[in-house]
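The listed protein sequences correspond, in order, to chains A and B.
Here this note's numbering is used: position 358 in the first sequence is 358, and no number is missing along the way.
Here this note's numbering is used: position 220 in the second sequence is 220, and no number is missing along the way.
Some hints could be false.
What the hints assert, rightly or not - With a straight-line Cα cutoff of 25 Å, these simulated DMTMM-like cross-link-like pairs (lysine to aspartate or glutamate) come out:
| id | chain 1 | residue 1 | chain 2 | residue 2 |
| --- | --- | --- | --- | --- |
| 1 | B | K27 | A | E357 |
| 2 | A | K183 | B | E21 |
| 3 | A | K420 | B | E21 |
| 4 | B | K57 | A | E230 |
| 5 | A | K281 | B | D239 |
| 6 | B | K232 | A | E357 |
| 7 | A | K290 | A | E365 |
Note that these hints are calculated values from the structure, not bench results.
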Amino acid sequence: MTEEATPKEKKQKKGRVRMPEQEPKVRAHNFIEVPTGYTPEMAKEEASRCLQCKNPGCVDGCPVGVDIPGFIKFILESDFTQSIRHIWKQNSLPAVCGRVCPQESQCEGKCILAKKGEPVAIGNLERFAADWERVNGTGALPPTAKATGKRVAVVGAGPAGLTVAGDLIQKGHDVSVFEAFHKPGGVLLYGIPEFRLPKEIVAQEVNFLERLGVKVECNAVVGRTVSLDELFEEGYQAIFLGLGAGLPKFMNIPGENLVGILSANEYLTRANLMKAYLFPKVDTPIPRGKDVVVLGGGNVAMDSARTALRLGADRVRLVYRRSRDEMPARAAEAHHAEEEGIEFYLLTNPTRYIGNEKGRLTGMECIKMELGEPDASGRRRPVPVKGSEFELPCDLCIVAVGTGANPLLTSSTPDLKINKWGYIEADPTSGKTLKKGVWAGGDIVTGSATVILAMGAGRNAANSIHDYLVRGW
Amino acid sequence: MFKIVKREEMSQGTVVLNEIEAPLIAKKAKPGQFVILKANENGERIPLTMAYTDAKKGIIAVIYQVVGKSTALFKTLKVGEGYQDAIGPLGKATHIEKLGKVVCVGGGTGVAVLHPITRGMKEAGNHVTAIIGARTKDLLILEDFMRAASNELHVCTDDGSYGRHGFVTHALKDILDKEKIDLVVAIGPVPMMKFVSKLTKEYSVPTMVSLNPIMVDGTGMCGGCRVSVGGKTQFACVDGPEFDGHKVDFDELMLRLQAYCEDEKACHNEFCMMEETWHK
Chain A
1 MTEEATPKEK KQKKGRVRMP EQEPKVRAHN FIEVPTGYTP EMAKEEASRC
51 LQCKNPGCVD GCPVGVDIPG FIKFILESDF TQSIRHIWKQ NSLPAVCGRV
101 CPQESQCEGK CILAKKGEPV AIGNLERFAA DWERVNGTGA LPPTAKATGK
151 RVAVVGAGPA GLTVAGDLIQ KGHDVSVFEA FHKPGGVLLY GIPEFRLPKE
201 IVAQEVNFLE RLGVKVECNA VVGRTVSLDE LFEEGYQAIF LGLGAGLPKF
251 MNIPGENLVG ILSANEYLTR ANLMKAYLFP KVDTPIPRGK DVVVLGGGNV
301 AMDSARTALR LGADRVRLVY RRSRDEMPAR AAEAHHAEEE GIEFYLLTNP
351 TRYIGNEKGR LTGMECIKME LGEPDASGRR RPVPVKGSEF ELPCDLCIVA
401 VGTGANPLLT SSTPDLKINK WGYIEADPTS GKTLKKGVWA GGDIVTGSAT
451 VILAMGAGRN AANSIHDYLV RGW
Chain B
1 MFKIVKREEM SQGTVVLNEI EAPLIAKKAK PGQFVILKAN ENGERIPLTM
51 AYTDAKKGII AVIYQVVGKS TALFKTLKVG EGYQDAIGPL GKATHIEKLG
101 KVVCVGGGTG VAVLHPITRG MKEAGNHVTA IIGARTKDLL ILEDFMRAAS
151 NELHVCTDDG SYGRHGFVTH ALKDILDKEK IDLVVAIGPV PMMKFVSKLT
201 KEYSVPTMVS LNPIMVDGTG MCGGCRVSVG GKTQFACVDG PEFDGHKVDF
251 DELMLRLQAY CEDEKACHNE FCMMEETWHK
């Protein structure tokens, strides 16, 4: 996020309060979080910029409808406890959202101040309120409704599932979350690096839900360890599927199985979930490339590139087939990556990998691209420039070109309808699937998107599940 | 915690059997499927194909060879102690049906994985010939189990210290020369599976192998376990672990298994040194 106002804007209005960050040269060699957080004074100063609009655009821009002016007002009044309680009404993972939401295209994008200058730093303020509560809070829990005796199973402890769990436990239902990995958090844990979202925060958010009464069962691969029908037999009345889009896509070009080519899923899971950056203090190794190429232009590509740098790479290049404007990464991530020295090779696409006799990656051949006519996504389609092939030497390549639907559960649950890409068909407003008593939301319905959209889907499904438990399907 | 209820050392202590309490996994597990075990907080996720399970007692059994830091750490776990995490059953179960004559070939700890498949094939009404091999007599495992699970058992040792002198492929060739075989199942070190598959291809006998590449999650998420089968990339964890041996690119698999060789060595050596210090 470029938070420094240009001189011209400074004259007109008070610029937003910049959140202090670790210096790029320092942070490129550690896994500590990059922005260090507001002090109460900074938060209050930034809160004072909010105009408290009567019809706030920011709230419309928020997929879960947080009352943004409301919580900002409490910060201004130094009532940080009320501020976080106010956020919790709509959002059970504020410390996460304050850090990873694409605010520029959501709440902050709709802020009235954005029209003539810089929007209120809503994400920073949300983060502040959540962090303040974590460090200084009383630990008092929000009120929950009387127990209904209804049991809900949530499959997947990622952003969608945790939102459903948080909402339904507060409505008095008995909620169990089943997670395939050995720790809860989903993409927040295995995908997003420590320097962007400290794992302690994810653990804290899960702990908050557990204190509310949510039961979390790890190592439970639903579809393998237990089936959906067995969950119903065990007495669960409703099931929410927040499986995520966990199937890594590869380029399908020659040489892709050489040693030294990893999916971003594997690379980041090793680094984040397994904490392989501490190897050999922990037992899971991770390849430490000296000359690293990352394929892709999204947040996952940025995370992979910045992780490679922190693992000691001399040079990290990001190869993306479209131009900077089409990059799907959050602005702050691309900016942070560039500041740290990641080189962007735009309008470039790999055509094949090159390896040595030991089957290890030594480089790749790329081709230059140019933008042609717009494609189905509305973005201009990149087309190869004939004869522009060139070689990039590298000893590690991370493939971050997207993910698809993991068929593990859907293939073992034939009455769950899926579309041609393998995603679960669910009603867009309620999350209801075609199997009675089963809801789905997040990436397993929409394909890979953002944390907050998954949470929004979780929120809608939770409301629908509550209706069902009270009134019927 | 997933408690170890029985522990045995075999092959001069280089191979260890653990029976582990994991009732949910035991209830579902079928021959050919695997589990992922993780010893403690900082542990690595290690995939191991189950040797046998007992749904009534709620136990699963794994037999592993001590090859690196993680398996060396597993070896230190005593009865009453256990694994922090056990995930499964993962992978596709072996397709067991009555085909006629089946030969099951096992090498090293692959014999442990082969055992439930051998038994399943015999129970399905096949005539099952088993061939098991090891470098030397003391490294041989599960001979009695394999004898009971099959109609006839051949034992080979590379050094001739027990059974037939030679590789399992020699014993297999004799059988293939003698009679028509409907299926060969080969599980063991990659070179063994490679040469068995090469041999059976000459005789056009369908051959199934079980692969154990490097993986992290075991649920199709990381793609670390990708193998080339018939020119197509497959994920061993969800598309396998069993594949058509005539189509697997074993050379690529061998190279991929070496990916962390240097790291493994360093980590293992450090662990062994620490172990020695503790014992002193």
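A quick look at each hint next to the structure:
Under the criterion of a C-alpha separation no larger than 25 Å, the hint pairing B:K27 with A:E357 is inconsistent with the structure, at around 45 Å. Restraint check for A:K183 and B:E21: satisfied, since their Cα atoms lie roughly 20 Å apart, inside the 25 Å limit. Between A:K420 and B:E21, the direct Cα distance comes to roughly 40 Å. Violation of the 25 Å bound is thereby established for this hinted pair. A threshold of 25 Å between alpha carbons decides the hint, and for B:K57 with A:E230 the separation of about 20 Å falls inside it, so the pair holds.
For the given pair, A:K281 sits about 33 Å from B:D239 by alpha-carbon distance, which is inconsistent with the 25 Å threshold. For the given pair, B:K232 sits about 21 Å from A:E357 by alpha-carbon distance, which is consistent with the 25 Å threshold. Between A:K290 and A:E365 the CA atoms are separated by roughly 18 Å; this keeps the pair inside 25 Å, and the hint holds.
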